[in-house]
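Dock chains B and C against chain A, hints included.
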Amino acid sequence: MKKAFVFMMCLLAVMAVNAQKKQTIRFATWDSEDTLAIQQGIVDKFNAANPDLQVVLEAYGDDFDTKLAAGFGAGDAPDVMYMWNYAHYKDGLEILDPWVAKEPPSFKADFYKALLDYNSINGKLLGMPIGYTTHVVYYNKDLFDKAGVSYPKGDWTWDDLLATAKKVANPSQKIYGFAFQQQPDPYDFEHYLWNVGVSYLGPDGTFNKGFKDPKVKALLTKMQNAIKDGYAISVDGSGSKEMKTGKLAMFINGSWSIPSLKDAKVNFGLCKLPSVEKGKKSVSVVSVSGIAMYNKSKNKDAAWRFIKFWVSPEANLMRLDHELPVLRSVVEKEKLNQDPIKAVFYDMLQQSEGWVSTSYKVKDWSTLSDTISQALENIFNPSVLASPEKVIDGLR
Amino acid sequence: MTFHAMHAGRKRRLAPYLFIMPWIVGFVSFTFGPLLFSAVMAFFEWPVIGSPRFIGFGNFLQMFTKDPQFWKSLGITLKFMLIFVPLNLIIALLLAILISRPVRGISVFRTIFYLPSVVSSVAIAIMWGWILHPEYGLLNYILSLVGISGPHWLSDPSWAIGAIVMASLWGLGTMMLIFYTAIKSIPKDIYEDAIIAGASPVRTFFSITLPLITPTLLFNLITSTIGAMQELSLVLLLTKGGPVKSTYFYGLYVYRNAFQFFKLGYAAANAWFMFIIILLLTLLIFKSSSIWVFYEHEVAGKQS
Amino acid sequence: MKNRKSAKITGGKLFVYIMLGIISLYFIIPFLWMLLTAFKTESEAFAFPPKLFPSEFRIRNFVDAWNSQPFFIYLRNSVIITFLTTLGQVLSSSAVAYGFARYNFKGKNILFLILLGTMMIPWDVIVIPLYMEFKMLKWINTLKPLIVPAFFGSAYYIFLLRQFLMGIPKDFEDAAYIDGANDWQTYSRIFLPMMKAPLILVCVLNIITVWNDYLGPLVFLNSRDKYTLPLGLAAFKGMHEMQVIPIMAITSLMIIPPIIVFAFAQKYIIEGVSGALKG
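Chains as they are written, first to last, in the working numbering: chain A, 1 to 396; chain B, 397 to 700; chain C, 701 to 979.
No lab work stands behind these hints, which were simulated from the structure alone. It cannot be assumed that every hint is accurate.
[To be verified] Keeping only pairs whose Cα atoms sit at most 27 Å apart, straight-line, the calculated DSS-like set for lysine-lysine is:
| hint | chain 1 | residue 1 | chain 2 | residue 2 |
| --- | --- | --- | --- | --- |
| 1 | A | 22 | C | 838 |
| 2 | B | 636 | A | 90 |
| 3 | A | 45 | A | 22 |
| 4 | C | 751 | A | 174 |
| 5 | A | 45 | C | 713 |
| 6 | A | 300 | C | 967 |
| 7 | C | 844 | A | 298 |
| 8 | C | 751 | A | 265 |
| 9 | B | 580 | C | 835 |
| 10 | C | 838 | B | 683 |
| 11 | B | 584 | C | 870 |
| 12 | A | 90 | C | 835 |
| 13 | C | 835 | A | 298 |
| 14 | A | 262 | A | 146 |
| 15 | B | 462 | A | 363 |
| 16 | A | 146 | A | 228 |
| 17 | C | 806 | B | 584 |
| 18 | B | 683 | C | 806 |
| 19 | C | 896 | B | 584 |
| 20 | C | 808 | B | 683 |
| 21 | A | 90 | A | 298 |
| 22 | A | 298 | C | 870 |
| 23 | C | 844 | A | 22 |
| 24 | A | 212 | B | 462 |
| 25 | A | 296 | C | 806 |
| 26 | A | 300 | C | 835 |
| 27 | B | 462 | A | 361 |
[Stated by the list, open to error] For the chain A half of the interface with chain C, some residues (derived, Cβ under 8 Å), not all of them:
| hint | residue |
| --- | --- |
| 28 | 70 |
| 29 | 74 |
| 30 | 240 |
| 31 | 244 |
| 32 | 245 |
Model, not experiment: these values are computed from the prediction. Ideal placement from N, C-alpha and C gives every residue a C-beta, glycine not left out.
Here chain A stands alone, though its shape is the one from the complex (with noise of 0.2 Å):
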């Protein structure tokens, strides 16, 4: 009897033990608060369904580069984190094929082709797609309704944005028609270089046919003419804020400007991105987020695991609200092609395939965009407005 009760003692003791002994995961995203509720939700939900792990959620918010890099060159990263830039960080990132090959076809068959591209660098998967965006047009019905102008419809060219800006503007009462980032992200920005045929880089690897193409001078001088005219203005940020104020008719941005600007009430509405040639089909870039591993993990067993539950359909699901789903089967699921305000997403999306941005392809992008973001500076802020022939032909 005795021996037994000292048994099953120690057998608990050990179970115990063991209970305790959780294999830890950390994981960092930049979500900031009002999304971040829902993240823990879903990792509490992991937490739960896997008693052995236990997955911390780390929120680095706004500062997710500094906190990661800082991580990377202490050589103590987190075990799964939230990525975007594969060009930075591709050396610090494990190679997701070998893992994905383990599971049955039908997981990545799942995927939007262009987003395993877009999460890929040189053909190796090094993040799974969990969101994207791209790029769209935000308009003001407000201010629409007020100038007695119909609502912007998606198969436009610039020509026909500008026309419409012009119309809705009224700049004697600080009512614009279109608002331009005075510094604009080179790999936003690259899209209007594909939707006149090229990127930054042409076939050489230098500028040439590339960046210094006439047709790309001339769209640039078009865009700063607007603003040179007055009905359009530059502005520090995406546009947003000065939408809030109800002085702004239109601006282009990714989907981060949903939420805030349904917070304020402003009656919106998205359409696709103008083309430059009419009869063509617009092009976007996309900005993904994908979820990685920390290639010098000590638990990437229990790391991929993890990954594979953020990336379920399920998962997608609890996240419905603020990030576009990724898998076809929730998509479809969702009707989410058409909802009014997300179907304008995949719609751009299926137009862009096809275009990888250059960052992915260059060895050095930090200093490439840096380059290039100087250019467009100097071309887009309203103090400066230097003419984009000049600016492009004195690049080297």
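Okay, now just chains B and C, sitting in the frame of chain A:
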């Protein structure tokens, strides 16, 4: 000859070292190691992800000869310091004097001037970012009411530094408080002689108050200079170094080299260079201080 | 004042009030805007022409912002760190400053120069080696890296206190020696009480600096149960958009303790040393 000097026994000689021991231990534990490490890093090409590579003086060569941004950022930072530090000191001192006067309701003003300095830099950047908005911001709106068309504070390269100065000076409450404490620490009896002799407040200030707070003035001058040369967070949050890099301060330059371009070795070299510059500036200020800083009550007996 | 030539009393007072008034606008308008914006709706905050006052004072903004993250935990952590570091700094910085100010010893100038030097080191260059050191000590993601160094003095406060101490005549040491006091007693019984005002100042400065410190917690803390208030504040600032109303609301709440501290300190500094030094 005081007792102090006559009785320099063994115990007395050990005492000062014991007093400064906490700092020495702290320095060795938390500062010296990382400092040395960063000095070593300056001679390497040290990517955040990847392995370091020894390149001798390569970073310094690059900095001085092949990186025009280095000189530009240095210039911008020096310009900022030369504008900001005098303004900072003078206004803080002026305000400290104003609030130390026994005027009715002065404590209200004391609070008003001090409060902005307790606000976190995130909020400050957002606040000023919107106030300085060229089209919809408060400042230009107020200016428009009196018929002035305000400049594009944050988009015009010639005005952006002014915007940074404006937003930075907003937090000078701390310096004002330090001056205020110094002024209030002067014992009242020192003023008695002057008051009896019928000296005007201006005269009193220049002959008594000012000389007695020169140690504090030295402190504020040095810390303000160091702060100006190292300015980073406000620039990072408010202008991000723009427009067209007109506010790309040296601190931001180092930060970007480390965290955007992932060149830790280069950033270390940058930082050490700035460290030496600040050191030289400080030495200069200290050398000059023997002329204008008074530590003892040398002026206590002076009649106006 | 500095520019005044005439000695007219009423003119002088008026001048003072006018100066104060104009300068106050510069300080108070942005501050007021920040405070009032916390009560507004998102669209009111960005209204143009600018609306200073909200149409209704939404207390709800504060409640929502506070509840959106575990701010009670952040508050607890902030209070612990602020309290302990202030204690540490007062104890250590005063002693070290005394050593530098009231003694002459071999190596004093060099050591003081090194001390000053530590103030000039740009943060982002020692942050990664420091991170590695704390990782070795297993202090990452604990509050220790933010608390322990404070017990060893900070160059800024040491410098500040040293300046104050150097203004006191040597007669005090002599008097203490005659009375038979040893070094420690001279320090603790005579000089420390004289340092009340600057020490209060150090308290105030430290409280406010540590309370608002963002970079330190950002780098050394990982999980949210260790976060401090500034990190919670920064979480409202996403990579693309930011939520202005919660930021203003939380900021307005965050400035309350520093204001209280300042109100107390003011009293002390005024009363502080006025009658302390006699003869």
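Okay, the hints, checked on the actual structure:
no.	hint	result
1	22/A <-> 838/C	19 Å, holds
2	636/B <-> 90/A	25 Å, holds
3	45/A <-> 22/A	16 Å, holds
4	751/C <-> 174/A	16 Å, holds
5	45/A <-> 713/C	68 Å, violated
6	300/A <-> 967/C	59 Å, violated
7	844/C <-> 298/A	25 Å, holds
8	751/C <-> 265/A	17 Å, holds
9	580/B <-> 835/C	45 Å, violated
10	838/C <-> 683/B	43 Å, violated
11	584/B <-> 870/C	20 Å, holds
12	90/A <-> 835/C	24 Å, holds
13	835/C <-> 298/A	16 Å, holds
14	262/A <-> 146/A	20 Å, holds
15	462/B <-> 363/A	20 Å, holds
16	146/A <-> 228/A	24 Å, holds
17	806/C <-> 584/B	37 Å, violated
18	683/B <-> 806/C	20 Å, holds
19	896/C <-> 584/B	16 Å, holds
20	808/C <-> 683/B	16 Å, holds
21	90/A <-> 298/A	18 Å, holds
22	298/A <-> 870/C	62 Å, violated
23	844/C <-> 22/A	24 Å, holds
24	212/A <-> 462/B	25 Å, holds
25	296/A <-> 806/C	50 Å, violated
26	300/A <-> 835/C	21 Å, holds
27	462/B <-> 361/A	26 Å, holds
28	70	5 Å, holds
29	74	5 Å, holds
30	240	7 Å, holds
31	244	4 Å, holds
32	245	4 Å, holds
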